[in-house]
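Participant: Start from the sequences, fold in the hints, and give me the full structure.
Residue numbering for the sequence shown follows our numbering, beginning at 1 and increasing consecutively.
Errors might be hidden in some of the hints.
[Said to hold, decoys possible] In silico DSS-like pairs for lysine-lysine, Cα to Cα no more than 30 Å straight-line: (1) Lys-20 <-> Lys-88; (2) Lys-85 <-> Lys-134; (3) Lys-134 <-> Lys-20; (4) Lys-85 <-> Lys-141; (5) Lys-20 <-> Lys-85; (6) Lys-88 <-> Lys-134; (7) Lys-141 <-> Lys-88.
Just so you know, the hints here were simulated from the structure itself, not pulled from any lab data.
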Amino acid sequence: MQALMETSAGNITINLYNEKAPDTVANFVRLVESGHYNGLHFHRVIENFMIQGGCPHSSDPNSRRAGTGGPGWQIPCERSALNIKHDKPGIFSMANAGPNTGGSQFFLTTIATPWLNGNHAVFGEVVDGMDVVKSIEMCEKLPGDRPRTPQQIIRVTLQ
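Facilitator: Listed below in structure tokens is the structure:
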């Protein structure tokens, strides 16, 4: 299964790891099917690291609460997903505030990030549109790693 993330910078296609991270993928699919991600923004962008989105408060890209929200539930970190390495750019991983606190926020790596191994559930990888990820990564930032020009997730669909 793949997710097509249509953004203001272009499209990103993500291959979801249904077999390696079934619970994390199921959570993401539930959110996609509910329209959770449509109209949100990438609220945290750090060069030579990652771009992060999925916070419901980021529908207003200027909200001070952007980056602090979730879907209203948390999911456990799957052992199988924690075993997948952050060994290249384009890894799709669950953001969290510690063990078993994933929800709707995700990030896409822009470099290999081995220091994240075992701490974040990996549940996919970019198969097309890495140039879009890099474009978002390189946008001008405000303090707090927020893009100066909002980088919107227009919609996410499953293929």
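Participant: Against this structure, judge whether each hint is valid.
Facilitator: The hints, checked one at a time:
no.	hint	result
1	Lys-20 <-> Lys-88	holds (17 Å)
2	Lys-85 <-> Lys-134	holds (20 Å)
3	Lys-134 <-> Lys-20	holds (26 Å)
4	Lys-85 <-> Lys-141	holds (28 Å)
5	Lys-20 <-> Lys-85	holds (12 Å)
6	Lys-88 <-> Lys-134	holds (13 Å)
7	Lys-141 <-> Lys-88	holds (24 Å)
The structure shown violates none of the earlier numbered hints.
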